[in-house]
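Residue numbers for the sequence shown follow my numbering, beginning at 47 and rising by one.
Note that these hints are calculated values from the structure, not bench results.
Certain hints may be false.
Within a straight-line C-alpha distance of at most 25 Å, the following computed BS3-like cross-link-like pairs (lysine-lysine) qualify [to be verified]:
| no. | residue 1 | residue 2 |
| --- | --- | --- |
| 1 | 226 | 257 |
| 2 | 228 | 251 |
| 3 | 132 | 122 |
| 4 | 251 | 226 |
| 5 | 226 | 256 |
| 6 | 320 | 251 |
| 7 | 226 | 320 |
| 8 | 69 | 56 |
| 9 | 246 | 320 |
| 10 | 228 | 256 |
| 11 | 228 | 206 |
| 12 | 122 | 206 |
| 13 | 256 | 225 |
| 14 | 225 | 246 |
| 15 | 257 | 225 |
| 16 | 257 | 228 |
| 17 | 256 | 246 |
| 18 | 225 | 251 |
| 19 | 206 | 226 |
| 20 | 257 | 246 |
| 21 | 225 | 132 |
Across the chosen pairs, the derived CB separations fall in these ranges [unchecked claim]:
| no. | residue 1 | residue 2 | range |
| --- | --- | --- | --- |
| 22 | 90 | 113 | 27 to 35 Å |
| 23 | 292 | 70 | 45 to 53 Å |
| 24 | 132 | 308 | 27 to 35 Å |
| 25 | 161 | 261 | 51 to 59 Å |
| 26 | 132 | 161 | 24 to 32 Å |
| 27 | 90 | 170 | 16 to 24 Å |
| 28 | 264 | 209 | 38 to 46 Å |
| 29 | 206 | 80 | 43 to 51 Å |
| 30 | 132 | 66 | 49 to 57 Å |
| 31 | 130 | 90 | 12 to 20 Å |
| 32 | 132 | 267 | 23 to 31 Å |
| 33 | 101 | 308 | 31 to 39 Å |
| 34 | 293 | 83 | 51 to 59 Å |
Values in this document were obtained by computation on a predicted structure and should not be read as measured data.
Backbone N, C-alpha and C fix where the C-beta goes; we use that ideal spot for every residue, glycine too.
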Amino acid sequence: MLEITFQTEKEASYLHQLLNTEKENFDFQAALLNGTVLTCETDDWETFISDVLVPSFVDFFLNVKEPRLLLFIIEKQFYFEDEDEKQQILHIAQSILEGERAEIPMIKHFEPRENLIISALTNFLRPNQSFSIESFIQFRLSDYLSRLSEYVGLSIEEYKMEQEYQNFIQSLREYVLNKKPKLSTIHILHDTSFQVFNEKFIEIKELELKKWIDREFIYRHPMYIDSHLLAPLVSIAPLEIYIYSDQQEEAMIQTIQNIFQERVRFFSRASFQKR
């Protein structure tokens with residue numbers, strides 16, 4: 047008989063329910079004792095461990111234990127105490143783990159973390175064992191925990207960059223709000239590049255745009271500001287910006303919207319000719 051002790055009844059119940067979904071396909075018995083102890087019995091341990099127990103444990107670690115382990119690392123290894131900061135870093139870490147931030151170069155070289163869990167379980171699980179989940183994590187999942195620490199480190203770097211970006215946007219937003227507009231309306235046509243037009247739909251060429259730039263503000267600013275479009279726009283501080291694009295999620299467009307907020311209006315690229 048295999049006996050596994052969990053930290054909470056909720057954790058034990060989660061794995062118990064996962065195992066029960068496999069009873070139609072495999073011959074085994076799984077029962078809960080005292081709410082936190084899960085026992086397993088079967089006549090075919092090799093198949094049960096490889097095809098039922100290991101996949102169920104992987105699900106359990108990724109969906110139940112991992113968020114708590116990430117938070118623990120954020121708090122104890124990187125010394126973050128503020129609840130809001132911890133949750134933001136956790137959210138970034140989870141988005142990285144789910145493959146939503148594939149642009150981070152280092153991630154491409156990481157072995158899937160599931161493999162680290164599978165390897166530890168395969169080398170450890172045997173019939174007639176008795177162990178606790180916490181001891182297994184502490185003594186058998188060191189490679190997995192190290193990988194989570196790497197992910198948290200990357201998440202903190204991303205968090206700091208996002209904070210810098212938000213401060214950058216806020217400073218530009220305040221500058222625009224406190225500045226007298228040099229032009230009331232700007233039209234921006236976007237395809238593979240950006241074309242800028244005044245309120246009469248006369249194109250403002252790049253050299254002319256650069257003449258509008260408030261050099262003193264740009265030089266004093268701690269982050270790089272695109273001199274082709276963003277710096278002139280901020281310096282002009284128009285009351286209305288009409289953007290004609292079929293790619294509203296494009297990074298520069300999102301930045302413009304974040305700075306100018308309600309001053310921005312969106313239209314399809316095709317509607318530019320009609321207007």
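Results for each hint:
Note on residue 226 and residue 257: the hinted pairing holds, with a Cα-Cα distance of about 17 Å set against a maximum of 25 Å. Of the pairs offered as hints, the one joining residue 228 and residue 251 holds, with about 16 Å between alpha carbons and a cut-off of 25 Å not exceeded. With a C-alpha separation of about 11 Å, the suggested pairing of residue 132 with residue 122 holds against the 25 Å cut-off. For a cut-off of 25 Å, the pair hint linking residue 251 to residue 226 stands: about 22 Å separates their Cα positions.
Taking the CA atoms of residue 226 and residue 256, the gap is near 18 Å; set against the 25 Å cutoff, the hint holds. Among the hinted pairs, residue 320 with residue 251 is consistent with the structure: their alpha-carbon atoms are about 22 Å apart, no more than 25 Å. With a C-alpha separation of about 30 Å, the suggested pair residue 226 and residue 320 falls outside the 25 Å cut-off, and the hint is violated. Our distance criterion of 25 Å between C-alpha atoms is met by residue 69 and residue 56, whose separation comes to about 20 Å.
Annotation: proposed proximity of residue 246 to residue 320 holds, straight-line Cα distance about 14 Å (limit 25 Å). Restraint check for residue 228 and residue 256: the C-alpha separation of about 14 Å stays at or below 25 Å, so the hint holds. For the hint linking residue 228 to residue 206, the alpha-carbon distance of about 34 Å lies beyond 25 Å, and the restraint is violated. Using a Cα cut-off of 25 Å, the hinted pair residue 122 and residue 206 holds, with the two alpha carbons roughly 18 Å apart.
The straight-line distance between the Cα atoms of residue 256 and residue 225 is roughly 18 Å, inside the 25 Å bound, and the hint therefore holds. Between residue 225 and residue 246 the CA atoms are separated by roughly 22 Å; this keeps the pair inside 25 Å, and the hint holds. For a cut-off of 25 Å, the pair hint linking residue 257 to residue 225 stands: about 17 Å separates their Cα positions. Annotation: proposed proximity of residue 257 to residue 228 holds, straight-line Cα distance about 12 Å (limit 25 Å).
Taking the CA atoms of residue 256 and residue 246, the gap is about 19 Å. The hint holds against a cut of 25 Å. Distance restraint check for residue 225 and residue 251: the Cα-Cα separation of roughly 23 Å lies within the 25 Å cut-off, and the hinted pair is therefore satisfied. Restraint check for residue 206 and residue 226: the C-alpha separation of about 32 Å exceeds 25 Å, so the hint is violated. With a CA separation close to 19 Å, the supplied pair residue 257 and residue 246 stays within the 25 Å bound.
Restraint check for residue 225 and residue 132: the C-alpha separation of about 36 Å exceeds 25 Å, so the hint is violated. Our hint of 27 to 35 Å for residue 90 and residue 113 holds, since their Cβ atoms are close to 33 Å apart. In this structure, residue 292 and residue 70 meet the distance hint of 45 to 53 Å, their C-beta atoms being roughly 50 Å apart. For the pair residue 132 and residue 308, the supplied restraint of 27 to 35 Å holds, since their beta-carbon distance comes to about 32 Å.
For residue 161 and residue 261, the hinted distance range of 51 to 59 Å is satisfied, since their beta carbons lie about 54 Å from each other. For the pair residue 132 and residue 161, the beta carbons lie near 28 Å from each other, so the given range of 24 to 32 Å is met. Hint check: residue 90 to residue 170, Cβ distance near 19 Å, so the stated range 16 to 24 Å holds. In this structure the hint that residue 264 and residue 209 lie 38 to 46 Å apart at CB is violated, the actual value being about 21 Å.
Between residue 206 and residue 80 the CB atoms are about 45 Å apart, so this pair conforms to the stated range of 43 to 51 Å. Roughly 34 Å separates the CB atoms of residue 132 and residue 66, a value that falls outside the hinted 49 to 57 Å. Against the hinted window of 12 to 20 Å, the Cβ-Cβ separation of residue 130 and residue 90 comes to about 50 Å, which falls outside the hint. The hinted range of 23 to 31 Å is satisfied by residue 132 and residue 267, whose Cβ atoms lie roughly 30 Å apart.
Our hint of 31 to 39 Å for residue 101 and residue 308 is violated, since their Cβ atoms are close to 50 Å apart. Under the hint 51 to 59 Å, the C-beta atoms of residue 293 and residue 83, about 56 Å apart, fit the expected range.
Of the numbered hints stated above, those contradicted by the structure are hints 7, 11, 19, 21, 28, 30, 31 and 33, listed in ascending order.
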